[in-house]
Each structure stands twice: as structure tokens, then as C-alpha cells.
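Each chain, written out:
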Amino acid sequence: MKQWLRQHRYALNVTLRRLVLQPFSWLANTLVIALALSLPLIGASILTSVQPLVREVSITPEMTLFMKPNANPNMAADIAQRIQKANHANVSSVKVISKDLALSELSQNPAWAQALNVLEGNPLPDVVVVGLVSNDQIVAQAESFSQTWQNWPGVDFVQLDSAWVQRLEALMSFGRIGLGLITLVVGLVVLAAIFNTVRMQALSQREEIAVARLVGATEGFVRRPFLYQGGLTCGIAACLSMGLCLWALNPLNQALLGLAKSYGTEFSLNLPSAGVLLLCLFAAITLGAISARWSVTRNTRF
Amino acid sequence: MIDFQNVSKSFSTDHAILANASFTVTTGEFVFIAGPSGAGKSTLLKLIAGLEAPDAGQITVNGQLLKHLSARARPYLRRSVGVILQNTHLLYDRNAIENVLLPLAVVGQAPETARTRARAALDKVGLSHKENANPIELSGGEQQRLAIARAIVNRPAILIADEPTANLDRDTARKVMNVFKDFNQVGVTTLVATHDEELMAEYAQRVFVIEPGRFRDFPVQRSA
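Heads up: the protein sequence lines correspond to chains S and B, in order. With the numbering used here, the residue at position 45 of the first sequence is 45, and numbering never jumps. With the numbering used here, the residue at position 216 of the second sequence is 216, and numbering never jumps.
No lab work stands behind these hints: they were computed from the structure. If you're wondering where the values come from, they're calculated on a predicted model, not measured in any experiment. Everything hinted at is true.
Computed far set for chain S versus chain B, every beta-carbon distance over 10 Å: (1) 68; (2) 112; (3) 122; (4) 188; (5) 203.
Partner residues aside, some chain B positions facing chain S, computed with beta carbon under 8 Å: (6) 75; (7) 76; (8) 79; (9) 102; (10) 105; (11) 106; (12) 110.
Just some of the chain S residues that point at chain B, by a computed CB distance under 8 Å: (13) 3; (14) 4; (15) 207; (16) 208; (17) 210; (18) 212; (19) 214; (20) 215; (21) 216; (22) 217; (23) 218; (24) 221.
Ideal placement from N, C-alpha and C gives every residue a C-beta, glycine not left out.
Hey, can you work out the whole structure from these sequences and the hints?
Given below as C-alpha cells:
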């Protein structure tokens, strides 16, 4: 065990010595990898910050039927019953909000109270709120319902309330797939960068490798410093990319703060959780070591 | 210790290095391998070190049949065979003691013990005062002795050297040969490839002569 640890310590020393001997080339390489890793990290920060916001909003699709102002007060209840009977499989709930109830609820809001007092009558219509069962054809169904119900007597117009939330959800899904693809491309870039760096290093260490083999070094002994080099470079690059993202999110959050306040809410972009960041770090180190192993195995066959 | 049974090796159909060569070198022998340039002296040494594989026949080194040794096991055999090549293959980005420390790092020797053993090896070849010197600062003879120190630091049972005195003057060559003789006298089986007849006459106990496709074994009788 001690012998194994000593060999690893030796490999780490060799790696650090090689890096110290070529500090600028190594730093430039690490910075390039860090910048590449920053792209998916910023994407992940945006997605993970927006996700809870989307989840807060109900995405249960709802349709609202606004009755004509002069419609008979019983018409809303009749329409509610008709919808319930005709479409019970696709409808999860039907609720009637009478114009009187709506007015009384609105009057309780001080911002509206004064304006409503000025009005002589009740300007609000009766409303039927229909909750739809969510499924793959929901958009087409809602469109079909809208066209049918629009023509019923007493109905002024029909509105699909949660369309924007669904669009946002679709946008998030698109973002997730996009982020996955960016991560894949960045992974390949990192793989290529480490492969090439290790290839150059292995060629420049040709003599040392030949001597080590001559004195009885195993292939594991020969490969180990290169594996450390790949893992260390990617690990440091991953830490650097986290620092870069943290730094870049600061001005973005300053700008978002004003926008969010104008909507009476608070919102900020944050890095993913510590657990996710640790996982990213581990993935980067593994990717670097795998790429280095591949490169050193291919380029030291002499 | 080293046993060749009907070993053949060639690099092309018209250039046979060894043809059905058989010999045995026992523990503690000092053998010279002679022959003209290109005859295959280096190849014979590489066959012993497991750096080349024979086309036919069996080679046994330290009781291990080389053809049955897996790629994983070969490095462990090489640790018991100290190899000194004509080109010393010293590492010029390290000083003398760091060159000698490399084989000890390979076997995972503890740093303090490794340094003590490396210093002892440098002392044996008369380079203890040059441990911090870069190999490039050393003379040809000193570089050759440094390569010997690196080859013997892991206390190999067999020492093989390919033309170790090729580029050295007579006095320096003799100093290098004396180092080999010292190791041989403590039981290290030593094989030296050379075409220097004067040195052979002075040091040889046994000589293998390799000529294209022909192998001859000459024991040397010495008076006490």
C-alpha cells in the first residue's frame, strides 16, 4: 500500500514539475478549457434559477368564457352545465363566477375601490372558468373548444389563460435540450484539448518514458503522471469556470434586479447547488483523466 | 541464470542475427560478446532483457521462460536486469542523483532509503562528488558511469552493457571496465558487448563471438 502511495506521490510530483516547467502554455490551456466549461455552467445557472419560477405558476390549462354584459344571469350556469356534460372526459372543473361576486371581490382591492365607486352599474360580465385535463393534444383541444364555445349564445369571447405558461415550459424544455447539446460539444472540446496537450507532452517526454520502461516501469507507472495532468488541468479549469460564472452573474443580477422590481417580485440568477457543482467538478476531472489516458496509450507506443 | 535454447532471430530473410544459438550463462559469470558492427551483439543483449522477442527457440532468464511472460510481467523481469546502452539515455532535465533515483521511484522505494541507495550507487562508480551535476556537465566516461549507477541501483542479478567503452579513451574505458569487474566480483552476472579486443584480453572469462548467422562460445583460460 505504501509503495502504491509513493508511486502516486512520485507521479504527482512529476506532473507538477512538468506544469511548472511550462507555466504559460499550461495556464493558457487551462483558461481555454475554463472558458469552454463556463458556457454550459452559465446555461445551467439560468435554467436552475428560472425553473422554480415556472413551477410556482400553475400550468393546469384553464379557459375563461366571458359572457356578454347583457346576457341572462342564468346563462352562465347553463353553459357551465352544458360544458360539463358534453366534455366530461376533457374537463377537470367548471366554475361560474357571477358578475356580482367578481365586483365584490374587486371592490375589496383598495386600488380598484375608488374607480368602481364612480361607475353607476356593474361593468363586469359573468364568467365561466373551465379547467382542462392536461394531455398531449391540449393546445389543439383548447383551440377546438374555443371555436365551438365562441359561437354559443350569450358568450362574448373565450380566452386560454395558461397558454403563456405552457409556452414558457416548452421554452424551458428547449433550453434543457440546448444545454445538453452545448455540454456535449464542450465535453468534446475539452476531450480534444487534453488529448492534444498530453500527446505533445508525451512526445516531449519520449526519452524519459523509454528510460523508465528500460528500468522496469509498468505501463501504469508511465501513464500515471499524464493522467494526473489531465485530471488536474480539468479540475482547476472547472474551479476557474465556477469563479468566472460567479463573477459574470453579478452584473447580470444587477440588471435583473431592476426588471424584477418593476414586476413587484425578486429574482436573481444563481449557480447550481453545491452538490451539482461538486458533480460537475468530478465529471471534469474524470473527463480529463480519461482523455489523457486515451492520448498517452495511443502516443507512447514506441 | 541465462539459458538460450535453439534461439533464432533475424530482421530480414537474408540477415540472420542468431541461428539456433544455444548457451547457458551461470550466476557470477563475466561474458564478453564480440563481433563486427551490425553482427547482432545489441540484439542478443536486448533478447536477454526482454526488449526483443526471438523468432524461434526458448530464452530463460532468472528462471523465467520469457515467452511465457505476459506484457504485465515483463517490467518486473527488467528490474532484475540492469541495462546500459551505448547511448547512455540519461535524462538531461535532471541532475545526476535524480537520474539514479528513477529506477527506485519505479519500484516505489521510500524517499530517504532511495536517496541513501542512490548516493551509494554514485559512490561505487566514483561519482559521489557529482550528484548535483547535470549529466551534460559530465565527461563521456562520467556519463557512462552514471548510466552504470542507474543500472545497478536496484541491485540487479544481471548486468548487461552494450558497447559501454565505445567512445572512451583507454584510461577511462579501463575505469569503466573496473566498475563492471567490481560488480561481477560480488556475484552480479555481467555481459558486455564490445569489439575492443584489448579489453577482452584483459578482462574476459568467456567470449561469445557473433558473426552473421554464426554463434561461437570461447571460454578463456586464465592463470591465477
